[in-house]
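Trainee: Just need the whole structure built from these sequences, with the hints factored in.
Heads up: the sequence lines are chains L and R, in that order. Each residue of the first sequence is one higher than the last, beginning at 0 in numbering that gives the first Met the number 0. Each residue of the second sequence is one higher than the last, beginning at 0 in numbering that gives the first Met the number 0.
Fair warning: there could be bad hints in the mix.
Identical copies look the same in the list; a pair holds intra-copy or inter-copy alike.
In silico EDC-like cross-links for lysine to aspartate or glutamate, where the CA-CA straight-line distance does not exceed 16 Å [said to hold, decoys possible]:
#	residue 1	residue 2
1	K345	E396
2	K345	D135
3	K345	E176
4	K65	D132
5	K65	D135
6	K84	D130
7	K84	D73
8	K216	D239
9	K84	D132
10	K178	D405
Hint data in this document are derived by calculation from the structure and do not stem from the laboratory.
Here's the letter readout for the chains.
Number of protein chains: 2
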Amino acid sequence: MSEDAKTRGPVEPMARDAERKFDRRRFLRGAAAAGGAAVGAAAGALPAVAAGNPENQPPNIPEWSKSLGASVVDRPYGAPSPFEKEVVRRSVPWLTATPESAINFAPLGELHGTITPNGLHFERHHGGAPDVDPTDHRLIVHGLVERPLVFTVADIKRFPSVSRIHFLECPANGGMEWKGAQMVGVQFTHGMLSNCEWTGVRLSIVLNEAGIKPEAKWLLAEGADAAAMTRSIPIEKAMDDTLLVYAMNGEALRAEQGYPLRLIVPGWEGNVNIKWLRRLKLGDQPWHHREETSKYTDLMADGRARQFTFVMEANSVITAPCPEKPLAFGAGRYEISGLAWSGRGKIKRVDVSTDGGNNWRTAELQSPVLSKAVTRFRLPWRWDGKQTFLQSRALDETGYVQPTIDQLRAARGVNSVYHKNSIHTWRITPKGEVDNVQVS
Amino acid sequence: MSEDAKTRGPVEPMARDAERKFDRRRFLRGAAAAGGAAVGAAAGALPAVAAGNPENQPPNIPEWSKSLGASVVDRPYGAPSPFEKEVVRRSVPWLTATPESAINFAPLGELHGTITPNGLHFERHHGGAPDVDPTDHRLIVHGLVERPLVFTVADIKRFPSVSRIHFLECPANGGMEWKGAQMVGVQFTHGMLSNCEWTGVRLSIVLNEAGIKPEAKWLLAEGADAAAMTRSIPIEKAMDDTLLVYAMNGEALRAEQGYPLRLIVPGWEGNVNIKWLRRLKLGDQPWHHREETSKYTDLMADGRARQFTFVMEANSVITAPCPEKPLAFGAGRYEISGLAWSGRGKIKRVDVSTDGGNNWRTAELQSPVLSKAVTRFRLPWRWDGKQTFLQSRALDETGYVQPTIDQLRAARGVNSVYHKNSIHTWRITPKGEVDNVQVS
Numbered sequence: 000m001s002e003d004a005k006t007r008g009p010v011e012p013m014a015r016d017a018e019r020k021f022d023r024r025r026f027l028r029g030a031a032a033a034g035g036a037a038v039g040a041a042a043g044a045l046p047a048v049a050a051g052n053p054e055n056q057p058p059n060i061p062e063w064s065k066s067l068g069a070s071v072v073d074r075p076y077g078a079p080s081p082f083e084k085e086v087v088r089r090s091v092p093w094l095t096a097t098p099e100s101a102i103n104f105a106p107l108g109e110l111h112g113t114i115t116p117n118g119l120h121f122e123r124h125h126g127g128a129p130d131v132d133p134t135d136h137r138l139i140v141h142g143l144v145e146r147p148l149v150f151t152v153a154d155i156k157r158f159p160s161v162s163r164i165h166f167l168e169c170p171a172n173g174g175m176e177w178k179g180a181q182m183v184g185v186q187f188t189h190g191m192l193s194n195c196e197w198t199g200v201r202l203s204i205v206l207n208e209a210g211i212k213p214e215a216k217w218l219l220a221e222g223a224d225a226a227a228m229t230r231s232i233p234i235e236k237a238m239d240d241t242l243l244v245y246a247m248n249g250e251a252l253r254a255e256q257g258y259p260l261r262l263i264v265p266g267w268e269g270n271v272n273i274k275w276l277r278r279l280k281l282g283d284q285p286w287h288h289r290e291e292t293s294k295y296t297d298l299m300a301d302g303r304a305r306q307f308t309f310v311m312e313a314n315s316v317i318t319a320p321c322p323e324k325p326l327a328f329g330a331g332r333y334e335i336s337g338l339a340w341s342g343r344g345k346i347k348r349v350d351v352s353t354d355g356g357n358n359w360r361t362a363e364l365q366s367p368v369l370s371k372a373v374t375r376f377r378l379p380w381r382w383d384g385k386q387t388f389l390q391s392r393a394l395d396e397t398g399y400v401q402p403t404i405d406q407l408r409a410a411r412g413v414n415s416v417y418h419k420n421s422i423h424t425w426r427i428t429p430k431g432e433v434d435n436v437q438v439s
Numbered sequence: 000m001s002e003d004a005k006t007r008g009p010v011e012p013m014a015r016d017a018e019r020k021f022d023r024r025r026f027l028r029g030a031a032a033a034g035g036a037a038v039g040a041a042a043g044a045l046p047a048v049a050a051g052n053p054e055n056q057p058p059n060i061p062e063w064s065k066s067l068g069a070s071v072v073d074r075p076y077g078a079p080s081p082f083e084k085e086v087v088r089r090s091v092p093w094l095t096a097t098p099e100s101a102i103n104f105a106p107l108g109e110l111h112g113t114i115t116p117n118g119l120h121f122e123r124h125h126g127g128a129p130d131v132d133p134t135d136h137r138l139i140v141h142g143l144v145e146r147p148l149v150f151t152v153a154d155i156k157r158f159p160s161v162s163r164i165h166f167l168e169c170p171a172n173g174g175m176e177w178k179g180a181q182m183v184g185v186q187f188t189h190g191m192l193s194n195c196e197w198t199g200v201r202l203s204i205v206l207n208e209a210g211i212k213p214e215a216k217w218l219l220a221e222g223a224d225a226a227a228m229t230r231s232i233p234i235e236k237a238m239d240d241t242l243l244v245y246a247m248n249g250e251a252l253r254a255e256q257g258y259p260l261r262l263i264v265p266g267w268e269g270n271v272n273i274k275w276l277r278r279l280k281l282g283d284q285p286w287h288h289r290e291e292t293s294k295y296t297d298l299m300a301d302g303r304a305r306q307f308t309f310v311m312e313a314n315s316v317i318t319a320p321c322p323e324k325p326l327a328f329g330a331g332r333y334e335i336s337g338l339a340w341s342g343r344g345k346i347k348r349v350d351v352s353t354d355g356g357n358n359w360r361t362a363e364l365q366s367p368v369l370s371k372a373v374t375r376f377r378l379p380w381r382w383d384g385k386q387t388f389l390q391s392r393a394l395d396e397t398g399y400v401q402p403t404i405d406q407l408r409a410a411r412g413v414n415s416v417y418h419k420n421s422i423h424t425w426r427i428t429p430k431g432e433v434d435n436v437q438v439s
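Mentor: Written as structure tokens, this is what we have:
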């Protein structure tokens, strides 16, 4: 814990060092002392042990071990356990004018690993989530092309397919905190972030079908929702790794994720990943539509707006502990765990501070580390039971280091509600509760 | 297509060669000619183009572009689009005595990429799927250990966590076809296969907490369901990569997948991945419980049973086309796509034959290729409109080559219903329909 990552370059590998220094066996003894109970002491409280095993009949056999459970005909499509009913997306009424132009935040504090299950993927709409009939839906490609084309969904599915795991993040994630507001819970500070395996077609294949004229430099993408969400995308990105997607985590897109067709623009702000995609138009300049002028621009300190901040820069957040997941066992050993991601490529390293930024240790990264995808990081920690401050700091493969809030405000002022990716701080109280605070 | 993989060694890399030889642009021109319609000809039929865009008012604007869609308060936990209601798990009544001791098959023909969404993960129970209350559930570790221990679910979650993507396959997958039965559809020939990101604790950590006595060679794992599913596992595997899991694809295990705790024994037959795990006992020999003697042994030609066939050997199946997904556009270009997996490690190569096994081409593998996880393979193909036979053949990193049905029957007879991993054949009819056949 004495290792100070600040004195190192941004891309030196530290994970193996940290792993060697962590005495795993000692950590485990500590956890067992706090957690697992010796059988002799706890046997009277054992409800579920060894039913039907004559050597050790427990006093209480739970009902679920004595009667048949649900049959397979009950669940053609499954749902979470009834004991998980609090693990849901949540909205914040005061954030939006109507529930159709609103945000549903993913419960990051209750999620594990890296994949976001489809039922909990965050959602952000401007006119509600329509139920589009895939047989009636069409995608038109026109503008500066040799051959304007109209595709059915079945047409699109005939093209060579590809699957990629990518994060999706609304650029307003955390944006309420530019000026110092304190959201309560990681679901609301960072829950406009999700990570799925997307399957579809490389957009370049579809655009090449239409034949791109040499003067085409921008792509207009338009949704079929009532808001007709419309954004301009540079042709280089459209032809690079942008995907025309029809499936997420193995199954068809959910309605709220753009069923039956959407764009996935890897690493770029969520808003350009147009859902219910119905139109692609090629042109020689951006269109300056409503959602890329009055919104989704960054208002700077001098009153000018920075337009087209497409890339989501490296960011990270600790999800355990967090306000929803306090330190419930008193002083002792815990695993700190969280998520890191970068719109520019792979996460190279994540440093964690357990003393408000004075000292940093390098966390272990869960493999595989994928480009423009969420990476899970983990670090063992012994809490001494006193107040302290937890922080995480992501570094990506380009050498970019997640900034402090002071660094970010110095560069961009406090007027924006977008692209706030500064180091996040959780305060641990002596009771083990976790508060959202800002540390300068 | 003239490349004959049979003349090569089993582990030579062929993917790059095949990729170079495939003329992607020519493929795409073919697809567009069949698929995308020119705008001029089809404009009258465009329901969804350019609403609110004065330059190109279409004749019909669909209702979903004119009225607000679903609000975020409607969907705390999402569900598939109503247009996807046929994409569900399905059971086969004649296969099982009661719906609580049954199989619900995953709809592989409708799935994309590699991840199985939790709602569609195959399920196989022997006493139904219980709704276990996690606060009352306990896991006991006893037998040949230094310190018998009882854990709550919260205790288990305090240990260092890990996430891994692994397939899970019932060893009876395809087993009805040992003797020549023909299931109708890939959902029933191979649908006892799924692939998730599992999160939990390395089992070795928990067992080391209890302290393994030197004479302990086997582990008994027992479920809390009414069937008290019980299996014996060698200690080497338990201490290697076996996981004690509480989450799948980011969220808590589903009830039908063992909520709140299960084993994941990577690459081993599904039945040993004990769900609703309540007991781990260490011993010096296997227990020979009901589910590893009367069932889950392989009855050989000479009447003896092969016991403890744990590993799921390399296997593969083409999921597009398949009986549920025929060639719907007549002669022309299609993408052949499917799944390959091996319980011994990574898939090294998948060969595809479009002429019943005479010639083989190497398919493209979707990255990342992960150990003991499903790998998606893809190959472009031009169908000439005539009857033919499609096959896929997986090779894993150990050099193992998926066998023909004749090779498998020669080695193991036809009495078993388990571990049938032979090359699967789809017959394409001149109408583009797809039948399940067996080719010797």
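Trainee: For each hint given before, does the structure comply? Return the numbers of the non-compliant ones in rising order.
Mentor: Checked against the structure, the hints that fail are numbers 2, 3, while the rest are satisfied.
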